[in-house]
Amino acid sequence: MVRTVLHADMDAFYASVEQRDDPALRGRPVVVGGLGRRGVVSTASYEARKFGIRSAMPIGEARRRCPDAVFVRPRMEVYAAVSAEIRAVFDACTPLVEPLSLDEAFLDVTGSRALLGDGEAIARRIQAEVRARTGLSVSVGVATTKFVAKVASDLHKPAGLTVVSPGTEQAFLDPLPVRRLWGAGPVQQERLLALGLETLRDVREVPLAALAQRVGAAAAERFQQLARGIDLRPVEPDRDAKSIGSERTFDEDLTADDDVRRVVGRLAAEVGRRLRAAGIVARTVRVKVRFPPFRTLTRQVRLTAATDDDVVLADAALELCAAARAPGEPVRLLGVTAADLVPGGASEPRQLGLFEQEGAAGDPERGRRLNAALDAIRERFGDAAIRRGE
Amino acid sequence: MKILCDRQQLQEAFTVVGGIPPLKTPKPVIQSVLMDATADGVTLYATDLEISAKVPVDAVKVAEPGRTLLPARETSALLRELSDPTLTLSGQEGRTTIDAGTGSFVLVSNDPSQFPAEPEFKQGVEVEVPVREFLDMIRRTSFAAAREETRYAINGLLLELKDGGARLIGTDGRRLALCYTEHGGDAQNSRVVIPIRALQALSKAVSDESSEPLRISISSNQIRFALDGTELISQLLDNRFPEYEQVIPKAADSTIEIEREHLEKNLRRVAILSSGEVRMVRFKFEGSEVKLSAESSGIGRADLSMGIELNGPGGSISFNPDFLLDALKVSDRELVRIDMTDDSTPAKFTLGDSYTYILMPISGS
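Taken in sequence, the protein lines are chains A and B. Per the working numbering, numbering through the first sequence is continuous, rising by one, with the last residue being 390. Per the working numbering, numbering through the second sequence is continuous, rising by one, with the last residue being 365.
Mixed in with the good hints there might be a few duds.
[Stated by the list, open to error] Think about it this way: if two alpha-carbon atoms lie no more than 20 angstroms apart in a straight line, the pair counts; the simulated SDA-like pairs of lysine to any residue are: (1) A:K242 with A:V342; (2) B:K284 with A:L35; (3) B:K291 with A:P349; (4) B:K250 with A:F355.
Calculated from the structure, these hints are not laboratory results.
Given these sequences and hints, build the entire structure.
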């Protein structure tokens, strides 16, 4: 059966909430972010975006670009509450809701069509309900796959509704520029452009081998699939996520301690990024180690303060790993999980630690800024683009 | 074994050792307390294999020397409930009989020869400290030590002997309490981590009224406290204790003097409206006053100000009110001194002549 997948994405979420709650901010450029000397922009209102202000930009630069903008601190508690409202709207449409962060989610509404009408009808219902319950606007893309739905939702922001009917994906995708390709950062984009590929149609039509030579075999295949509108990833409902984890199984057992440390560090960084993307922090870190053939140990520790910081997560995970595994002992699988999740975010008050070297050089603000920068780079250039020194 | 004793005295001695036997153990014999009656008198001895305590029982008459095991839970409950002034205890094979005027109680007991022997204590560093002061030090530092399962679950206090002084330090990674006293004894330096449970047992075991000093002996893996015939031996913890000296601020931008009792009361008031994921009260030191405020989304907010003596620029800083109240409660100073620099570095509270408390603020306020 042809799936109907929706991607719903709140428009300038934090900034819109602030404008909703303070009429004086409406129609004005609003920048939500850390206001300290080293703060970064979380969200800019559409009025502020006209000045070139973007997420993850240092707040100082945002001030230079638009001195008249209103700068406000994020109120995560409020956003989390609004997010729960929105989530309730989604949940009323389908059990298959995959939240990506506080303000966006995929919905698989295939099974709801008989009851609620086609994808477009459900999308309109979501837009109306979200506005009625929160006073905010949401853009929705309707398609047969996650990729196309996500591209569609972004096309006519704000308050956009873009429907890509089954069979029209090709026509919809073909004229789009290559930057719309999921997973193609500026480096990959430049390589595509160097091949003379400007649109998704060009990517679809170029011989696979030629593409593979430029961007690598795996990426080439993925890009062509996406350009054809093929994306088999299912919508994975993640009802109350109790933990966020990442694990890796090795074809050959890992024995070198340095290798184990490196993998644990990377897994922790990945978990940290997902925590930050979802706007949550974790109080517990869990490590899973499988020794060949199947003996599996898990160890966990409760942190003194909830965190989403790569370094704190990695330190805890490394300590646990060292306790679970003897030096040189072969390992088949490693996993790092963050549990005990609570809504977090840059502005959430946090008990500082006396001995904790949190983030870069023991300065939590710097650590946070570094994490935001790393996330922004990975978002644009892909996961492999940058990594902490190991 | 057969003794005649004063119930009050026995009950008091039992309170000291009764908390030591573990509730759950693969070795049920240690859930009892060993009573040893000799011509010299009667002692009670209990152990959980980590901590052991021996305490003399006053006002006894030994009719027949011997040893018997008393089940800890039932015996302590009985002693609490009985009201007769004197009791006769007699141990025969496999049971102990407690005869009171109101009735007699037979307790099935294990063979005393199965009970673990007292640990051998190898002599080490020996010091003497004033007992009342040491008990105060325990009270003023133990609350700061983490007990829950956290990264700094040290479950112990650091005892540091250095240059004729004894320091006791507790920390959970967010706050640190440090007390100091001078001691008589070996000049040798020493640095050991003592289980909280042992120090709690010690607080129950010795009287702060005693005129004798508390004798502390430290070997490589054990510590012994002795006073008036009572003896408590504990294993030491081999946990690494954080380098605490590094986090004690050496200098501060602002120094504040504030009335302790007043602060404690006001903090309690404001803290009522500081619920949320992280409990937090904001302090704003400015001119000759401090403004305390707290906010609880959906509940309300509190604002309150009180007079202070401020030297320096002042500024804002937020703390978990519970962490501060814990320490204010056990301080006996009229005026406390706060040294602070900014809202992201530790503040130092001087809560007594030899009582320092370091508290890390809450950020993002």
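request  = Sort out which numbered hints this structure fails and list those numbers smallest first.
outcome  = none
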